[in-house]
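Sequences and hints are given; from them, build the entire structure.
Counting from 1, one number per residue, gives the positions in the sequence shown under the UniProt record's numbering.
Hints are not guaranteed to be accurate.
Stated by the list, open to error - DEER-style ranges, computed between Cβ atoms:
#, residue 1, residue 2, range
1, Pro53, Thr32, 28 to 34 Å
2, Leu4, Pro53, 16 to 22 Å
3, Asp15, Asp49, 14 to 20 Å
4, Asp51, Leu4, 31 to 37 Å
5, Arg46, Phe5, 28 to 34 Å
6, Ala19, Asp49, 28 to 34 Å
7, Asp51, Phe5, 25 to 31 Å
8, Ser14, Arg46, 20 to 26 Å
In case anyone wonders, no lab produced these hints; they're calculated from the structure. Note that the coordinates shown come from a computational prediction; the quantities given were computed from them, not determined experimentally. Beta carbons are placed, not taken as given, at the ideal position from N, Cα and C, and that holds for glycine.
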Amino acid sequence: MEPLFFVMAIMGCSDGNAACAEARVETARYATMAQCRAAMPAALMRNTDVDYPVVAANCRTSGQYTAQAKTSKRGA
Numbered sequence: 001m002e003p004l005f006f007v008m009a010i011m012g013c014s015d016g017n018a019a020c021a022e023a024r025v026e027t028a029r030y031a032t033m034a035q036c037r038a039a040m041p042a043a044l045m046r047n048t049d050v051d052y053p054v055v056a057a058n059c060r061t062s063g064q065y066t067a068q069a070k071t072s073k074r075g076a
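Structure, rendered in structure tokens:
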């Protein structure tokens, strides 16, 4: 199973940050949301060629989640 990590999507938006669409996803993977957000300014500078009036970035989770059932201990 693949572990959970974060990736950054580069978004192209119309004027006023409305009607955004994913233009590409950065290849870097981040262990935490904070690391992903810290890398946003540099990623935006690398992606100024996106053909939209406004370019934005969004960090999101990737990988697989594993759900665990909570078990309770009952005394006899």
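Cross-check of the supplied hints:
1. The supplied range of 28 to 34 Å is met by Pro53 and Thr32, whose beta-carbon atoms lie about 31 Å from each other.
2. Take Leu4 and Pro53: their Cβ atoms lie about 34 Å apart, and the range 16 to 22 Å is violated.
3. Between Asp15 and Asp49 the beta carbons are some 18 Å apart, a value that agrees with the proposed interval 14 to 20 Å.
4. For Asp51 and Leu4, the Cβ-Cβ distance of about 32 Å falls inside the hinted range of 31 to 37 Å, so the restraint holds.
5. The given range of 28 to 34 Å is broken by Arg46 and Phe5, whose C-beta atoms sit roughly 20 Å from each other.
6. Distance hint check for Ala19 and Asp49: the Cβ-Cβ separation is about 19 Å, which falls outside the suggested range of 28 to 34 Å.
7. Between Asp51 and Phe5 the beta carbon distance is about 28 Å. The supplied range of 25 to 31 Å therefore holds.
8. A hinted range of 20 to 26 Å for the beta carbons of Ser14 and Arg46 is consistent with their spacing of about 22 Å.
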